[in-house]
Amino acid sequence: MQLTRLSALAALMMISSLASAEVRIEGPVEYGVFDGPQAELQSGERVLRRSNEQIQTTQEVPAKLGTKFGLRYQLVGKVADDTPLTLLYFTPGIRTPDGIRHDKFEVTQKLVPGAPQDVMAYEFTEGHEVVPGDWRFMVFQGDRLLTEKSFTVR
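What the sequence shown shows, in mature numbering (1 follows the signal peptide of the UniProt record, and there is no 0), is residues -21 to -1, 1 to 133, in sequence order.
By construction, these hints were calculated from the structure, which means they are not laboratory data. Computed from a predicted structure; not experimentally measured. One or more hints might be untrue.
[Said to hold, decoys possible] Using 25 angstroms as the maximum straight-line C-alpha spacing, the simulated DSS-like pairs for lysine-lysine come out as follows: (1) 128 with 57; (2) 89 with 128; (3) 43 with 89; (4) 47 with 83; (5) 47 with 128; (6) 89 with 47; (7) 83 with 43; (8) 128 with 43.
Could you put together the complete structure from these sequences and hints?
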């Protein structure tokens, strides 16, 4: 009888430690437009950017080439081979040069335990990407929603 209770207690402790090891966001989620070079870009041009750029907190995004917007957050509980993140970008409808309309882009991102922060961002680098309207960003691990944010591109 005593052995059964100890086994049950040990099993409960293992389950609770696994539950607490889930990836989660710790601290505030920064969102808005990333500060970057103020150069006038042409379609297809890119500028090398720093990883620690300041973010101007806003949900209003200028519809202009070179604009980078999105989220920056800190994840805790990351394990290298755990379920990766799924980043969903819902757009107002980007039509690529081949004529195909894209209402959603999906990116799979491996967990990097040593990374102090994670970023989900979109940068307008091609003229056809600059589409005014509502954009929605969602970060999942498996079927768990970790964070989301909507932006209005004008």
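For each hint, the structure was consulted:
no., hint, in the structure
1, 128 with 57, "holds, 22 angstroms"
2, 89 with 128, "holds, 21 angstroms"
3, 43 with 89, "violated, 30 angstroms"
4, 47 with 83, "holds, 17 angstroms"
5, 47 with 128, "holds, 15 angstroms"
6, 89 with 47, "holds, 22 angstroms"
7, 83 with 43, "holds, 20 angstroms"
8, 128 with 43, "holds, 20 angstroms"
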